[in-house]
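A.B. asks: Given next are the chains, with one letter for each unit.
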Amino acid sequence: MPQNTQQLEDFVTQVRRDILRQVHKVSSGHPGGSLGCVEFFTALYQEIMEYSTDFTMDGINEDLFFLSNGHISPVFYSVLARSGFFPVEELNTFRLLDSRLQGHPTTHEGLPGIRMASGSLGQGLSVAIGAAETKKLNNDTHTVFALLGDGELQEGQNWEAIMYAAGHKVDNLIATVDLNGQQIDGSTDDVLPMGNMKDKFLAFGWEVLEVEKGNNIVEVIKGLQEAKKLSGNGKPVCILLKTVMGNGVDFMMHTHAWHGKAPNDEQLEAGLQQNAETLGDY
Amino acid sequence: MKKYTDTGKKDTRSGFGAGLAELGKTNENVVALCADLTGSLKMDEFKENHPERFFQVGIAEANMIGMAAGMTVGGKIPFTGTFANFSTGRVYDQIRQSVAYSGKNVKICASHAGLTLGEDGATHQILEDIGLMKMLPGMTVINTCDYNQTKAATIAIAEHDGPVYLRFGRPKVANFTPENGKFEIGKAVQLTEGTDVTIVATGHLVWEALIAAEELEANGISAEVINIHTIKPLDAEAIIKSVNKTGCIVTAEEHNFLGGLGESVARVLAENAPAPQEFIATKDTFGESGTPAQLMEKYGLNANAIKIAAEKVIKRK
Numbered sequence: 001m002p003q004n005t006q007q008l009e010d011f012v013t014q015v016r017r018d019i020l021r022q023v024h025k026v027s028s029g030h031p032g033g034s035l036g037c038v039e040f041f042t043a044l045y046q047e048i049m050e051y052s053t054d055f056t057m058d059g060i061n062e063d064l065f066f067l068s069n070g071h072i073s074p075v076f077y078s079v080l081a082r083s084g085f086f087p088v089e090e091l092n093t094f095r096l097l098d099s100r101l102q103g104h105p106t107t108h109e110g111l112p113g114i115r116m117a118s119g120s121l122g123q124g125l126s127v128a129i130g131a132a133e134t135k136k137l138n139n140d141t142h143t144v145f146a147l148l149g150d151g152e153l154q155e156g157q158n159w160e161a162i163m164y165a166a167g168h169k170v171d172n173l174i175a176t177v178d179l180n181g182q183q184i185d186g187s188t189d190d191v192l193p194m195g196n197m198k199d200k201f202l203a204f205g206w207e208v209l210e211v212e213k214g215n216n217i218v219e220v221i222k223g224l225q226e227a228k229k230l231s232g233n234g235k236p237v238c239i240l241l242k243t244v245m246g247n248g249v250d251f252m253m254h255t256h257a258w259h260g261k262a263p264n265d266e267q268l269e270a271g272l273q274q275n276a277e278t279l280g281d282y
Numbered sequence: 283m284k285k286y287t288d289t290g291k292k293d294t295r296s297g298f299g300a301g302l303a304e305l306g307k308t309n310e311n312v313v314a315l316c317a318d319l320t321g322s323l324k325m326d327e328f329k330e331n332h333p334e335r336f337f338q339v340g341i342a343e344a345n346m347i348g349m350a351a352g353m354t355v356g357g358k359i360p361f362t363g364t365f366a367n368f369s370t371g372r373v374y375d376q377i378r379q380s381v382a383y384s385g386k387n388v389k390i391c392a393s394h395a396g397l398t399l400g401e402d403g404a405t406h407q408i409l410e411d412i413g414l415m416k417m418l419p420g421m422t423v424i425n426t427c428d429y430n431q432t433k434a435a436t437i438a439i440a441e442h443d444g445p446v447y448l449r450f451g452r453p454k455v456a457n458f459t460p461e462n463g464k465f466e467i468g469k470a471v472q473l474t475e476g477t478d479v480t481i482v483a484t485g486h487l488v489w490e491a492l493i494a495a496e497e498l499e500a501n502g503i504s505a506e507v508i509n510i511h512t513i514k515p516l517d518a519e520a521i522i523k524s525v526n527k528t529g530c531i532v533t534a535e536e537h538n539f540l541g542g543l544g545e546s547v548a549r550v551l552a553e554n555a556p557a558p559q560e561f562i563a564t565k566d567t568f569g570e571s572g573t574p575a576q577l578m579e580k581y582g583l584n585a586n587a588i589k590i591a592a593e594k595v596i597k598r599k
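Which chain is which? The protein sequence lines are G and F, in order.
Residue numbers 1 to 282, in this note's numbering, belong to the letters of the first sequence in order.
Residue numbers 283 to 599, in this note's numbering, belong to the letters of the second sequence in order.
No lab work stands behind these hints, which were simulated from the structure alone.
Among the clues, some could well be false.
Stated by the list, open to error - With a Cα cut of at most 20 Å, we get these calculated SDA-like pairs of lysine to any residue:
1) F:K514 / F:E410
2) G:K169 / F:H332
3) G:K25 / G:Q267
4) F:K416 / F:G340
5) G:K136 / F:E519
6) G:K136 / F:N311
7) G:K169 / F:K580
8) F:K329 / G:E50
9) G:K136 / F:K514
10) G:K235 / F:G340
It should be emphasised that the depicted structure is a prediction, and the values quoted were computed from it without experimental measurement.
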């Protein structure tokens with residue numbers, strides 16, 4: 001695993017290239033949210049989580065991660081591959097017929113690293129809570145992580161889960177909300193204003209931690225480390241991670257336009273020029 | 283014709299509760315989740331004996347299904363309990379994505395199915411749940427007929443690796459299958475031998491089919507009654523074998539004829555052994571308030587309706 005900041009930043013840059021190249025090849029997929037979460041996934045899989053790449057579904061004595069907003073699969077696939085779960089070359093098969101890299105992540109095709117299907121929004125937090133409860137029953141002291149989109153919090157099931165986790169003291173759970181303020185139809189404030197997210201989680205009884213620079217790898221790692229310290233104290237922990245959709249590719253940033261749109265040949269070239277190859281393209 | 287005795291009326295949901303309590307003692311991986319209907323689902327004994335393995339989620343069925351899916355990660359076998367309506371229609375997408383597509387070993391246990399829920403009326407009387415569940419790839423669908431069979435099925439599904447929908451009901455009905463009988467998922471149970479008509483029934487209609495068969499026998503008609511407790515995977519072999527002998531069939535279920543057992547049987551016969559079929563089922567309608575007996579009479583789901591359907595289908599041969 002990378003040890004210093006430069007190595008982590010090289011990893012981040014390479015993952016951005018992987019995202020752009022995956023979605024460009026099949027002219028489909030979701031680059032915007034994927035690019036915004038590169039630092040989070042890198043921090044999680046390169047620094048924070050304890051796991052084995054010798055994948056088992058049960059993940060006993062490992063930290064677990066559940067992705068609820070499954071449409072950002074390109075970043076998930078790239079980081080899983082580059083963390084050793086499956087060959088990096090397999091990124092070439094993203095969204096192709098007979099691929100294990102389905103448009104949205106699934107256990108159905110047996111891709112190592114994936115423990116639940118996601119894509120239909122709002123379900124991941126409940127699944128993560130279930131896994132966290134099982135860890136407690138198994139006297140397994142490892143942590144369960146989840147990532148949710150901010151727009152996704154418009155799905156009501158999340159609030160059932162948020163209420164349960166606090167009410168039943170699921171304190172081996174760290175749920176991160178990707179606060180990029182964008183969703184398909186526009187900004188979250190335009191589509192459905194959700195008010196103060198921090199106040200909402202606090203009112204439900206969660207520990208809340210804000211990471212203002214969610215695209216700074218050092219800050220993200222610090223935030224996750226802090227969240228781990230806060231866990232185990234009777235409350236679930238929420239990280240409000242402020243990110244920029246499309247981060248690292250200037251023309252994709254600060255807009256919802258690239259939520260679910262792939263770059264054309266020229267746009268790919270421009271995006272790759274802004275993110276020079278570091279660890280080697282697949 | 284073989285006769286069956288009602289050993290005393292009991293509700294199928296209590297069979298579920300007894301089976302779950304038994305599993306609590308014998309299988310430490312079994313966990314139970316309930317959405318504020320512990321008493322109605324008869325989950326109290328499990329809850330009292332294994333509080334650490336019982337998860338009260340409140341009135342939040344979507345979260346319950348998602349949690350159950352997550353609890354399988356690490357080897358637990360979750361049994362969720364609520365009414366059939368809230369076990370299926372309300373949480374269809376959660377079951378579809380988090381349970382069925384994700385291949386999770388979750389047992390969705392559903393009480394108060396069908397019209398026999400009674401006075402609560404159509405909001406709670408789901409008649410579409412078998413159809414919803416059988417359409418999901420990989421989902422096993424079971425509808426048990428009495429207390430003993432429900433208890434046996436509850437115990438059996440813990441040994442089956444994969445998602446299961448177990449459907450049972452509220453009212454006290456005849457208890458006539460063997461106590462501690464073996465429950466084989468996907469294996470039809472032939473209750474009587476006959477030559478004139480096959481009656482395939484599931485759930486509460488199985489006992490009604492046996493009464494109908496006795497009445498038919500009195501009229502000189504020989505009916506072969508088959509208990510199809512597993513609607514998916516369907517025991518096609520048993521159905522084809524029987525219909526090849528009798529030449530016609532009546533299907534009976536406490537469910538809409540769209541999407542139910544009858545349609546599954548019709549597909550099997552159309553592909554293998556086309557034969558006249560009559561459907562004892564609700565006919566694309568919602569239910570209403572009333573006593574279970576009144577409702578089953580009004581919607582044509584009792585022994586008399588089965589008898590009339592049998593006589594009719596024989597004439598169509």
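A.B. asks: All hints, please: hold or fail.
C.D. replies: Hints, verified against the model:
Our distance criterion of 20 Å between C-alpha atoms is met by K514 (chain F) and E410 (chain F), whose separation comes to about 15 Å. Our distance criterion of 20 Å between C-alpha atoms is met by K169 (chain G) and H332 (chain F), whose separation comes to about 19 Å. Between K25 (chain G) and Q267 (chain G) the CA atoms are separated by roughly 12 Å; this keeps the pair inside 20 Å, and the hint holds. Proposed proximity of K416 (chain F) and G340 (chain F) is contradicted: the alpha carbons are some 27 Å apart, above 20 Å.
For the proposed pair K136 (chain G) and E519 (chain F), the alpha carbon gap of about 45 Å is over 20 Å, so the pair is violated. For the proposed pair K136 (chain G) and N311 (chain F), the alpha carbon gap of about 13 Å is at most 20 Å, so the pair holds. Distance hint between K169 (chain G) and K580 (chain F) is unfulfilled; the C-alpha atoms sit about 49 Å from each other, more than 20 Å. The straight-line distance between the Cα atoms of K329 (chain F) and E50 (chain G) is roughly 34 Å, outside the 20 Å bound, and the hint therefore fails.
Of the supplied pair hints, the one linking K136 (chain G) and K514 (chain F) is violated, its CA atoms being roughly 34 Å apart against a limit of 20 Å. For the hint linking K235 (chain G) to G340 (chain F), the alpha-carbon distance of about 19 Å falls within 20 Å, and the restraint holds.
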